[in-house]
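Colleague: So the sequence shown is residues 1 to 231, counted in the numbering used here.
Simulated from the structure, these hints should not be mistaken for lab results.
Bear in mind that the values here come from a model prediction, so they are computed numbers and not experimental data.
Ideal Cβ positions, reconstructed from N, Cα and C, are used throughout, including at glycine.
It is possible that part of the hints are untrue.
With a straight-line cut-off of 30 Å between C-alpha atoms, the simulated DSS-like cross-links for lysine-lysine are [claimed, not checked]: (1) Lys202 to Lys137; (2) Lys137 to Lys218; (3) Lys90 to Lys80; (4) Lys202 to Lys79; (5) Lys226 to Lys90; (6) Lys202 to Lys217; (7) Lys90 to Lys217; (8) Lys202 to Lys90; (9) Lys217 to Lys203; (10) Lys202 to Lys75; (11) Lys90 to Lys79; (12) Lys80 to Lys202; (13) Lys90 to Lys203; (14) Lys137 to Lys75.
Listed next, with one range per pair, are the computed distances between beta-carbon atoms [as the list claims (entries may be wrong)]: (15) Val55 to Glu117: 50 to 60 Å; (16) Val55 to Leu116: 52 to 62 Å; (17) Glu197 to Arg72: 33 to 43 Å; (18) Arg127 to Arg72: 18 to 28 Å; (19) Ser61 to Lys217: 51 to 61 Å; (20) Gly48 to Leu199: 43 to 53 Å; (21) Arg96 to Glu65: 40 to 50 Å; (22) Glu197 to Met219: 18 to 28 Å.
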Amino acid sequence: MKKNIVSWSIILTVVILLSLVIVYAEKFSLPSNKVADGVVAIISAFVGILITIAVTAILLSTQSEMDSLTDRNVKQFEKKQETYYVFLEKLGETVRLLTERCLRGNDANYGNITSLEEVIFQFGYLRIHMDDVTFLKVISNTSEMIGVLHRLNLDILYKQKIVGEETSLPSSISCQLFGLISNISNHLFVIASILNENLYGKKLSLSNQVDIYEEVKKMLINCGLKEKQIQ
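Full structure from sequences and hints, please.
Modeller: Rendered as C-alpha coordinates:
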(Lines of atoms letter the chains of each structure in order from A and count residues from 1; the text may use other names and numbers.)
(Lines give C-alpha, C1' and ligand atoms only; values in the text may rest on other atoms or scores of the structure.)
Protein backbone atom coordinates (compact mmCIF):
# COMPACT_ATOMS: atom_id res chain seq x y z
CA MET A 1 0.00 0.00 0.00
CA LYS A 2 2.83 2.45 0.90
CA LYS A 3 4.64 1.57 -2.31
CA ASN A 4 1.51 2.32 -4.33
CA ILE A 5 1.07 5.69 -2.60
CA VAL A 6 4.67 6.66 -3.37
CA SER A 7 4.35 5.50 -6.98
CA TRP A 8 1.13 7.43 -7.54
CA SER A 9 2.66 10.55 -5.95
CA ILE A 10 5.63 10.44 -8.31
CA ILE A 11 3.40 9.85 -11.32
CA LEU A 12 1.07 12.67 -10.34
CA THR A 13 3.98 15.05 -9.90
CA VAL A 14 5.47 14.19 -13.31
CA VAL A 15 2.09 14.51 -15.01
CA ILE A 16 1.49 17.93 -13.43
CA LEU A 17 4.91 19.16 -14.51
CA LEU A 18 4.46 17.91 -18.07
CA SER A 19 0.96 19.38 -18.20
CA LEU A 20 2.38 22.76 -17.21
CA VAL A 21 4.91 22.43 -19.99
CA ILE A 22 2.10 21.75 -22.47
CA VAL A 23 0.01 24.67 -21.22
CA TYR A 24 2.86 27.17 -21.38
CA ALA A 25 4.55 25.74 -24.49
CA GLU A 26 3.39 28.68 -26.58
CA LYS A 27 5.31 31.08 -24.34
CA PHE A 28 8.57 29.24 -24.95
CA SER A 29 10.92 30.63 -27.55
CA LEU A 30 10.29 28.09 -30.28
CA PRO A 31 11.03 28.62 -33.99
CA SER A 32 7.40 28.27 -35.10
CA ASN A 33 3.89 27.27 -34.10
CA LYS A 34 4.33 23.94 -35.86
CA VAL A 35 7.38 23.15 -33.78
CA ALA A 36 5.47 24.13 -30.64
CA ASP A 37 2.57 21.93 -31.65
CA GLY A 38 4.97 19.07 -32.28
CA VAL A 39 6.57 19.48 -28.88
CA VAL A 40 3.15 19.50 -27.25
CA ALA A 41 2.14 16.34 -29.15
CA ILE A 42 5.35 14.54 -28.17
CA ILE A 43 4.98 15.50 -24.51
CA SER A 44 1.29 14.50 -24.54
CA ALA A 45 2.17 11.12 -26.03
CA PHE A 46 4.93 10.68 -23.47
CA VAL A 47 2.51 11.52 -20.65
CA GLY A 48 0.02 8.97 -21.99
CA ILE A 49 2.70 6.29 -22.27
CA LEU A 50 3.98 7.09 -18.79
CA ILE A 51 0.54 6.89 -17.24
CA THR A 52 -0.22 3.61 -19.05
CA ILE A 53 3.04 2.02 -17.92
CA ALA A 54 2.65 3.26 -14.36
CA VAL A 55 -0.96 2.12 -14.02
CA THR A 56 -0.13 -1.29 -15.54
CA ALA A 57 2.83 -1.73 -13.17
CA ILE A 58 0.75 -0.80 -10.12
CA LEU A 59 -2.11 -3.10 -11.16
CA LEU A 60 0.32 -5.98 -11.70
CA SER A 61 1.93 -5.29 -8.33
CA THR A 62 -1.45 -5.18 -6.59
CA GLN A 63 -2.54 -8.39 -8.33
CA SER A 64 0.69 -10.08 -7.30
CA GLU A 65 0.15 -9.05 -3.68
CA MET A 66 -3.45 -10.30 -3.79
CA ASP A 67 -2.36 -13.63 -5.28
CA SER A 68 0.31 -13.98 -2.62
CA LEU A 69 -2.20 -13.19 0.12
CA THR A 70 -4.73 -15.65 -1.33
CA ASP A 71 -2.10 -18.37 -1.55
CA ARG A 72 -1.08 -17.75 2.06
CA ASN A 73 -4.70 -17.84 3.24
CA VAL A 74 -5.30 -21.12 1.39
CA LYS A 75 -2.26 -22.71 3.00
CA GLN A 76 -3.30 -21.46 6.43
CA PHE A 77 -6.81 -22.83 5.94
CA GLU A 78 -5.50 -26.23 4.84
CA LYS A 79 -3.19 -26.39 7.86
CA LYS A 80 -6.02 -25.35 10.13
CA GLN A 81 -8.29 -28.01 8.66
CA GLU A 82 -5.60 -30.66 9.06
CA THR A 83 -5.02 -29.62 12.68
CA TYR A 84 -8.71 -29.97 13.52
CA TYR A 85 -8.96 -33.40 11.91
CA VAL A 86 -5.89 -34.65 13.79
CA PHE A 87 -7.30 -33.28 17.05
CA LEU A 88 -10.56 -35.20 16.65
CA GLU A 89 -8.63 -38.34 15.72
CA LYS A 90 -6.32 -38.09 18.74
CA LEU A 91 -9.24 -37.27 21.02
CA GLY A 92 -11.07 -40.37 19.81
CA GLU A 93 -8.02 -42.56 20.43
CA THR A 94 -7.60 -41.13 23.92
CA VAL A 95 -11.24 -41.67 24.91
CA ARG A 96 -11.14 -45.26 23.66
CA LEU A 97 -7.94 -46.02 25.56
CA LEU A 98 -9.23 -44.43 28.76
CA THR A 99 -12.46 -46.42 28.48
CA GLU A 100 -10.60 -49.71 27.99
CA ARG A 101 -8.29 -49.02 30.93
CA CYS A 102 -11.18 -47.97 33.10
CA LEU A 103 -13.05 -51.21 32.38
CA ARG A 104 -9.93 -53.22 33.14
CA GLY A 105 -9.52 -51.45 36.46
CA ASN A 106 -6.38 -49.64 35.38
CA ASP A 107 -7.77 -46.18 35.89
CA ALA A 108 -4.61 -45.01 37.66
CA ASN A 109 -2.35 -46.41 34.97
CA TYR A 110 0.49 -44.15 33.84
CA GLY A 111 -0.71 -44.72 30.29
CA ASN A 112 -3.63 -42.42 31.06
CA ILE A 113 -1.19 -39.61 31.74
CA THR A 114 0.57 -40.02 28.41
CA SER A 115 -2.78 -40.19 26.61
CA LEU A 116 -3.94 -36.99 28.27
CA GLU A 117 -0.62 -35.34 27.47
CA GLU A 118 -1.26 -36.09 23.81
CA VAL A 119 -4.60 -34.28 24.05
CA ILE A 120 -2.91 -31.35 25.82
CA PHE A 121 -0.41 -31.00 23.00
CA GLN A 122 -3.26 -31.10 20.50
CA PHE A 123 -4.78 -28.20 22.42
CA GLY A 124 -1.55 -26.35 21.75
CA TYR A 125 -2.02 -26.79 18.01
CA LEU A 126 -5.65 -25.68 18.27
CA ARG A 127 -4.63 -22.57 20.20
CA ILE A 128 -2.68 -21.34 17.19
CA HIS A 129 -5.85 -21.12 15.11
CA MET A 130 -8.50 -20.15 17.70
CA ASP A 131 -9.68 -17.14 19.63
CA ASP A 132 -10.15 -17.35 23.41
CA VAL A 133 -13.90 -18.00 23.40
CA THR A 134 -13.76 -20.82 20.84
CA PHE A 135 -10.74 -22.42 22.50
CA LEU A 136 -12.39 -22.44 25.93
CA LYS A 137 -15.54 -24.03 24.48
CA VAL A 138 -13.51 -26.87 22.98
CA ILE A 139 -11.57 -27.45 26.22
CA SER A 140 -14.77 -27.41 28.28
CA ASN A 141 -16.53 -29.99 26.12
CA THR A 142 -13.41 -32.17 25.97
CA SER A 143 -13.06 -32.05 29.75
CA GLU A 144 -16.70 -33.06 30.22
CA MET A 145 -16.34 -35.87 27.71
CA ILE A 146 -13.34 -37.38 29.54
CA GLY A 147 -14.64 -36.61 33.02
CA VAL A 148 -17.73 -38.77 32.63
CA LEU A 149 -15.50 -41.86 32.61
CA HIS A 150 -14.53 -41.24 36.24
CA ARG A 151 -17.99 -40.25 37.39
CA LEU A 152 -19.57 -43.48 36.13
CA ASN A 153 -17.16 -45.76 38.10
CA LEU A 154 -17.20 -48.34 35.34
CA ASP A 155 -14.22 -50.23 36.78
CA ILE A 156 -16.08 -50.94 40.04
CA LEU A 157 -19.23 -52.07 38.27
CA TYR A 158 -17.22 -54.23 35.91
CA LYS A 159 -15.48 -56.07 38.75
CA GLN A 160 -18.67 -56.53 40.74
CA LYS A 161 -21.04 -57.55 37.98
CA ILE A 162 -18.98 -59.27 35.32
CA VAL A 163 -15.85 -60.56 37.01
CA GLY A 164 -17.50 -61.36 40.32
CA GLU A 165 -21.03 -62.46 39.49
CA GLU A 166 -22.13 -62.72 35.89
CA THR A 167 -20.76 -63.63 32.50
CA SER A 168 -23.17 -61.63 30.35
CA LEU A 169 -23.58 -57.88 30.20
CA PRO A 170 -25.78 -56.91 33.14
CA SER A 171 -28.37 -54.17 33.00
CA SER A 172 -26.39 -51.83 35.27
CA ILE A 173 -23.29 -51.98 33.07
CA SER A 174 -25.43 -51.62 29.94
CA CYS A 175 -27.06 -48.46 31.29
CA GLN A 176 -23.71 -46.98 32.29
CA LEU A 177 -22.21 -47.67 28.88
CA PHE A 178 -25.32 -46.18 27.27
CA GLY A 179 -24.85 -43.02 29.34
CA LEU A 180 -21.13 -42.92 28.59
CA ILE A 181 -21.44 -43.19 24.82
CA SER A 182 -24.41 -40.83 24.57
CA ASN A 183 -22.53 -38.27 26.67
CA ILE A 184 -19.44 -38.61 24.50
CA SER A 185 -21.50 -38.21 21.32
CA ASN A 186 -23.23 -35.08 22.61
CA HIS A 187 -19.96 -33.34 23.46
CA LEU A 188 -18.28 -34.61 20.30
CA PHE A 189 -20.98 -33.13 18.07
CA VAL A 190 -20.77 -29.82 19.92
CA ILE A 191 -16.99 -29.76 19.42
CA ALA A 192 -17.45 -30.64 15.75
CA SER A 193 -19.94 -27.78 15.29
CA ILE A 194 -17.52 -25.37 16.99
CA LEU A 195 -14.69 -26.43 14.69
CA ASN A 196 -17.00 -26.22 11.68
CA GLU A 197 -17.98 -22.65 12.51
CA ASN A 198 -14.36 -21.69 13.12
CA LEU A 199 -13.29 -23.22 9.80
CA TYR A 200 -16.08 -22.18 7.47
CA GLY A 201 -17.62 -19.22 9.29
CA LYS A 202 -21.09 -20.73 9.20
CA LYS A 203 -22.79 -21.22 12.55
CA LEU A 204 -24.57 -24.56 12.79
CA SER A 205 -27.97 -24.57 14.40
CA LEU A 206 -28.27 -26.58 17.63
CA SER A 207 -32.04 -26.80 17.24
CA ASN A 208 -31.62 -30.33 15.86
CA GLN A 209 -29.56 -31.44 18.84
CA VAL A 210 -32.53 -33.32 20.33
CA ASP A 211 -33.15 -35.15 17.05
CA ILE A 212 -29.47 -36.04 16.82
CA TYR A 213 -29.52 -37.36 20.39
CA GLU A 214 -32.57 -39.50 19.62
CA GLU A 215 -30.85 -40.99 16.58
CA VAL A 216 -27.79 -41.82 18.69
CA LYS A 217 -30.05 -43.45 21.28
CA LYS A 218 -31.62 -45.63 18.59
CA MET A 219 -28.20 -46.71 17.41
CA LEU A 220 -27.06 -47.61 20.94
CA ILE A 221 -30.26 -49.54 21.64
CA ASN A 222 -29.82 -51.41 18.35
CA CYS A 223 -26.33 -52.35 19.56
CA GLY A 224 -27.82 -53.97 22.66
CA LEU A 225 -27.33 -51.22 25.23
CA LYS A 226 -30.13 -50.08 27.49
CA GLU A 227 -31.10 -46.58 28.47
CA LYS A 228 -31.43 -46.03 32.21
CA GLN A 229 -35.07 -45.56 33.04
CA ILE A 230 -36.02 -42.55 35.18
CA GLN A 231 -37.78 -43.68 38.35
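Colleague: Look at each hint and say if it fits the structure.
Modeller: Structure-based check of all given hints:
no. : hint                         : verdict
1   : Lys202 to Lys137             : holds, 17 Å
2   : Lys137 to Lys218             : holds, 28 Å
3   : Lys90 to Lys80               : holds, 15 Å
4   : Lys202 to Lys79              : holds, 19 Å
5   : Lys226 to Lys90              : holds, 28 Å
6   : Lys202 to Lys217             : holds, 27 Å
7   : Lys90 to Lys217              : holds, 24 Å
8   : Lys202 to Lys90              : holds, 25 Å
9   : Lys217 to Lys203             : holds, 25 Å
10  : Lys202 to Lys75              : holds, 20 Å
11  : Lys90 to Lys79               : holds, 16 Å
12  : Lys80 to Lys202              : holds, 16 Å
13  : Lys90 to Lys203              : holds, 24 Å
14  : Lys137 to Lys75              : holds, 25 Å
15  : Val55 to Glu117: 50 to 60 Å  : holds, 58 Å
16  : Val55 to Leu116: 52 to 62 Å  : holds, 60 Å
17  : Glu197 to Arg72: 33 to 43 Å  : violated, 22 Å
18  : Arg127 to Arg72: 18 to 28 Å  : holds, 20 Å
19  : Ser61 to Lys217: 51 to 61 Å  : holds, 60 Å
20  : Gly48 to Leu199: 43 to 53 Å  : holds, 49 Å
21  : Arg96 to Glu65: 40 to 50 Å   : holds, 47 Å
22  : Glu197 to Met219: 18 to 28 Å : holds, 25 Å
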